[in-house]
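Asks: Each chain is listed here by its residues.
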Amino acid sequence: MEDKTRRKFLYTVASGMGAAGAAVTVVPFVRAMQPAADTLAASTTEFDFSTLTPGELKVIPWRGQPVFVLYRTPEMVKDIYGHNDLLLDPMSRAIPEVQAGWMKTDEQRITRSIKPEYLVISAVCTHLGCVPGFEPTPGQKAWGDIVPKDWPGGFHCPCHGSNYDLAGRVFKDVPAPYNLHALPYKYIKETTVLIG
Amino acid sequence: MLKKILDSRASEWVDERTHLVRYIRFHLIDYPTPKNLNFWYAFGSIALAILAIQIVTGVFLAMDYKPSTMPTGNGYSEAFDSVQRIMRDVGYGWLIRYAHAVAASFFFFVIYLHMVRSMYYGSYKKPREFLWLMGIFILIFMQAIVFFGYLLPWGQTSFWGATVITNIIGAIPVVGNWLLHLVRGGFSVGGPTLNRFFVFHFLFPVLLCVVVLWHVMALHVVHSNNPTGVEPSKKNTIPFHPYYTVKDLFGVSVFLIIFCWFVFYHPTGFGLMMETDNFNPANPMRTPSDITPVWYLTPWYEILRTVPNKLLGIVGMVFAYVCLFLMPWLDRSPVRSARYRPVYRQVLFIFFVAVLVLGYCGHQPVTPMYTWIGRSAAIVYFSFFVILPFVHKFERTKPLPEDV
Chain A
166 MEDKTRRKFL
176 YTVASGMGAA
186 GAAVTVVPFV
196 RAMQPAADTL
206 AASTTEFDFS
216 TLTPGELKVI
226 PWRGQPVFVL
236 YRTPEMVKDI
246 YGHNDLLLDP
256 MSRAIPEVQA
266 GWMKTDEQRI
276 TRSIKPEYLV
286 ISAVCTHLGC
296 VPGFEPTPGQ
306 KAWGDIVPKD
316 WPGGFHCPCH
326 GSNYDLAGRV
336 FKDVPAPYNL
346 HALPYKYIKE
356 TTVLIG
Chain B
98 MLKKILDSRA
108 SEWVDERTHL
118 VRYIRFHLID
128 YPTPKNLNFW
138 YAFGSIALAI
148 LAIQIVTGVF
158 LAMDYKPSTM
168 PTGNGYSEAF
178 DSVQRIMRDV
188 GYGWLIRYAH
198 AVAASFFFFV
208 IYLHMVRSMY
218 YGSYKKPREF
228 LWLMGIFILI
238 FMQAIVFFGY
248 LLPWGQTSFW
258 GATVITNIIG
268 AIPVVGNWLL
278 HLVRGGFSVG
288 GPTLNRFFVF
298 HFLFPVLLCV
308 VVLWHVMALH
318 VVHSNNPTGV
328 EPSKKNTIPF
338 HPYYTVKDLF
348 GVSVFLIIFC
358 WFVFYHPTGF
368 GLMMETDNFN
378 PANPMRTPSD
388 ITPVWYLTPW
398 YEILRTVPNK
408 LLGIVGMVFA
418 YVCLFLMPWL
428 DRSPVRSARY
438 RPVYRQVLFI
448 FFVAVLVLGY
458 CGHQPVTPMY
468 TWIGRSAAIV
478 YFSFFVILPF
488 VHKFERTKPL
498 PEDV
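Protein chains in written order, with the working numbering: chain A, 166 to 361; chain B, 98 to 501.
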């Protein structure tokens with residue numbers, strides 16, 4: 166009887182190597198679809214808060230994505246402390262993206278800022294990436310029933326109805342799973358921040 | 098005339114070398130068809146006509162479109178401006194673009210009616226399960242193609258629609274973010290995304306044509322169902338040509354009249370086919386206050402939106418498609434047509450209403466009332482598939498006819 170072991174071995178090795186070689190050719194194509202070097206190149210953005218009036222919000226680009234910069238009035242800051250029980254993650258601990266290196270004290274975790282009056286935070290809704298609208302006054306009077314009755318003021322996403330407070334912390338029972346992402350930034354002058 | 102051409106010596110010469118003539122005879126002339134097909138059976142050939150319209154208009158649009166987000170002098174982008182150029186400067190560009198946009202909506206309208214027909218007359222059942230699977234696959238393919246195409250004008254709804262839908266990928270556990278950046282070619286929807294979506298919008302229709310061809314060839318293996326759901330005897334079938342070639346051409350003509358009325362008089366389809374917000378150039382810093390997808394995607398979008406949890410919402414939406422795929426195996430009744438199935442007929446009708454309600458709510462702003470209505474409709478949608486395997490147990494079907 167003929168011994169087929171050697172032939173079987175050769176067949177397995179040859180087809181195995183062929184399949185492995187074909188699989189590896191996928192690598193350059195996948196890499197070509199990933200963000201290119203120029204897209205990856207990190208950039209920084211400066212912003213001077215003295216250009217805002219108290220209570221004013223601006224949306225500025227950082228790495229092509231929108232960022233909220235908000236000059237919070239003393240009432241807005243006080244407001245932040247009043248509704249922790251309505252929030253999903255009041256201390257911003259759920260995932261690394263909602264925290265930042267500068268978050269050291271509980272106060273910074275709650276106001277989500279280095280200086281409580283100046284908020285710098287990602288403007289990308291953590292549900293599906295829309296830019297939430299700025300709806301700062303409490304109650305339904307100015308906004309209608311798209312916000313809850315006990316609305317303390319904050320951000321409302323027009324796409325799927327997620328709500329965040331004035332520190333970008335997400336409310337319970339909305340589609341968004343996390344607080345607005347915190348960003349790496351530092352003060353380079355009294356009122357000027359460097360994001361990135 | 099046709100007979101003369103097919104019987105000619107030239108045809109014989111070609112056929113001996115490629116079998117082309119016998120394919121034409123088999124698929125377009127001799128193909129036996131039940132004699133009792135009603136107007137519900139016209140939508141397949143109308144869909145083919147629309148596919149042809151989309152390919153022709155699409156190729157001509159691509160000659161003048163530029164998939165670039167490069168800012169232009171007026172503060173817009175090359176993509177946005179090239180679409181304006183097609184509308185204003187290119188000869189009949191406005192006609193070609195309006196035809197392309199209106200036909201996209203009609204494509205879905207016709208395909209949805211085609212599906213209603215299949216569900217009502219039980220055309221998804223043995224031996225046509227594979228035909229049904231390919232059909233659902235074609236639907237998903239079409240939805241991917243319009244999604245890619247919708248980004249191209251680089252308007253507000255283009256940009257934010259693409260942002261929201263690609264973000265769905267990001268919710269996949271573990272590999273979600275990696276995949277999201279792979280699809281976008283960046284951290285957010287931008288220049289690289291537009292460029293590749295243009296390529297996909299061209300590539301996927303080519304693949305779609307292959308699947309559609311396969312769908313038709315598979316149909317010609319298992320043959321058309323008919324309104325009775327009973328297999329016709331040989332004496333009750335008629336050849337495809339001239340009976341159904343003429344009937345299908347009549348259907349296509351009626352479609353073309355309605356289609357042209359929209360293209361020439363209401364090219365934006367009253368804001369349903371082309372959304373008003375998309376006449377504003379894309380602004381990555383501001384989401385429009387009222388963002389909803391085009392009407393044909395709203396039922397699935399509404400299922401996603403009514404679930405108050407990101408991952409579960411996406412699971413729900415995927416499951417809505419999975420249920421459709423499973424339909425041939427969920428329905429266990431030996432009778433095909435709803436004509437003879439009083440209970441199935443009623444639950445199917447409720448299901449259709451639920452899909453319409455989902456579609457309507459998906460087009461409205463998020464308020465507690467619409468969320469509540471949408472949620473109820475989503476429950477009805479899934480309930481249909483839950484009770485489907487049990488319908489035959491308590492259903493007394495009406496007596497079937499001997500022949501069609």
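None of these hints come from the bench; they were simulated from the model. The beta carbon of each residue, even a glycine, is placed where N, CA and C say it ideally should be. Among the clues, some could well be false.
Said to hold, decoys possible - A partial selection of chain A residues facing chain B, derived with a Cβ cut-off under 8 angstroms:
#1 Val195
#2 Pro200
#3 Gln230
#4 Asp310
#5 Val312
What the hints assert, rightly or not - Computed beta-carbon distance windows for the label pairs:
#6 B/Asp387 / A/Gly247: 25 to 33 angstroms
#7 A/Pro193 / B/Ser105: 32 to 40 angstroms
#8 B/Phe376 / A/Asp310: 38 to 46 angstroms
Asks: Decide, hint by hint, whether the structure agrees.
Replies: Hint check results:
no. : hint                                    : in the structure
1   : Val195                                  : holds (7 angstroms)
2   : Pro200                                  : holds (5 angstroms)
3   : Gln230                                  : holds (5 angstroms)
4   : Asp310                                  : holds (6 angstroms)
5   : Val312                                  : violated (10 angstroms)
6   : B/Asp387 / A/Gly247: 25 to 33 angstroms : holds (31 angstroms)
7   : A/Pro193 / B/Ser105: 32 to 40 angstroms : violated (52 angstroms)
8   : B/Phe376 / A/Asp310: 38 to 46 angstroms : violated (29 angstroms)
Hints 5, 7 and 8 from the list above are not met by this structure, while the remaining hints are.
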